[in-house]
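**Q** Each chain is listed here by its residues.
There are 2 protein chains.
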Amino acid sequence: MSFRMSMLMLALLILIGYQQVKSESDSTYNGWDLVDKAGNIRKPADFRDLYQALGVYTPVDFNNNTEMHYTYALPGTAEYYRKTGKFPDGTVLVKEVFATDHAQMTTGDAHWATSTKVWFVMIKDDKGRYPGNPLWGNGWGWALFKSDAPDKQVATDFKKDCLSCHIPAKATDWVYVQGYPVLKSQ
Amino acid sequence: MSFRMSMLMLALLILIGYQQVKSESDSTYNGWDLVDKAGNIRKPADFRDLYQALGVYTPVDFNNNTEMHYTYALPGTAEYYRKTGKFPDGTVLVKEVFATDHAQMTTGDAHWATSTKVWFVMIKDDKGRYPGNPLWGNGWGWALFKSDAPDKQVATDFKKDCLSCHIPAKATDWVYVQGYPVLKSQ
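First to last, the sequence lines map onto chains A and B. Residues in the first sequence are numbered consecutively from 301, following this note's numbering. Residues in the second sequence are numbered consecutively from 301, following this note's numbering.
Heads up, a few of these hints could be off.
Copies of one chain are not kept apart here, so a pair can be met inside one copy or by any two copies together.
Claimed, not checked - Computed cross-link-like contacts, DSS-like style, restricted to lysine-lysine with a CA-CA straight-line distance of at most 25 angstroms:
no.	residue 1	residue 2
1	Lys-484	Lys-395
2	Lys-337	Lys-383
3	Lys-386	Lys-417
4	Lys-452	Lys-417
Hints are computed from structural coordinates only; laboratory data are not their basis.
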């Protein structure tokens with residue numbers, strides 16, 4: 301191989317390497333970065349900036365107080381779901397539960413999110429990776445973080461701490477997909 | 301310069317060129333791509349996937365019906381706003397107004413977005429680019445699209461069609477920033 305060819309090959313290899321690094325850093329379903337070998341789940345940083353919003357529920361509770369529940373997912377999750385009807389292995393969902401305020405505005409009595417109460421994190425696991433860990437089951441890892449200690453995971457058993465609220469969504473892989481416009485056709 | 305150096309320089313220039321192309325395609329505030337020379341505004345495609353959600357208002361109107369108003373912005377808008385307290389020139393905001401459904405769920409009477417009624421688009425203009433166009437003023441371009449013709453801009457005068465609903469938000473550059481968690485510190 302000539303010297304010239306060698307140098308062109310070198311340039312090409314550098315470019316290919318750069319592309320691969322870039323491609324990996326853009327990886328869509330990298331939820332496993334948030335999980336250690338024992339299955340402990342961290343809450344992702346900066347998800348309000350970096351994740352895509354799937355949608356919001358506004359429940360009015362039995363004392364007539366409202367909350368707002370924002371759900372975020374890794375970018376690309378919605379596109380994958382629209383194509384396949386499934387959440388891919390490694391999907392990360394973050395549900396941020398807010399207290400609200402409200403006021404009479406031009407469109408009526410408008411409610412909006414104020415301070416965060418808790419965060420729920422779910423990570424899709426198609427492979428049953430942590431059979432001995434009580435926070436993994438039904439195809440997901442489950443985690444809970446409260447605003448008084450935002451980085452401390454406090455759920456101990458997904459069946460006790462998480463599942464009861466998801467029973468109505470069992471048929472849609474435990475996720476309330478009907479309230480997430482981006483999961484439908486654009 | 302030696303031949304070896306020349307080739308290394310070539311490899312370097314290719315890499316720099318690639319980085320620049322990438323950087324431009326990631327450009328944060330490219331709202332001007334959506335505006336023609338006369339100031340006509342297009343609605344961005346795929347904003348549910350590609351934009352960041354700022355937040356959601358749930359107004360209850362005077363007939364006790366709810367809507368949900370989702371607001372999306374170009375990625376990077378929130379970070380810029382947190383640092384400066386301003387929306388940068390070229391900011392694109394899309395407000396998607398949804399009809400809702402609701403049901404008794406485990407957290408109460410939960411409301412969620414269903415079909416889109418209208419979209420509002422605002423584009424931040426620090427320079428008064430279209431002084432003769434009645435859809436530009438107060439530092440923004442204003443546009444309205446309805447679900448029966450989603451790509452047809454139908455507002456004719458921002459003072460008549462848009463501004464009245466924004467009067468309560470005059471002090472915050474006509475945007476209801478208090479309901480957008482990502483604009484506050486993370």
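**Q** So which of the earlier hints does this model not fit?
**A** Hints 2, 3 not satisfied by this model.
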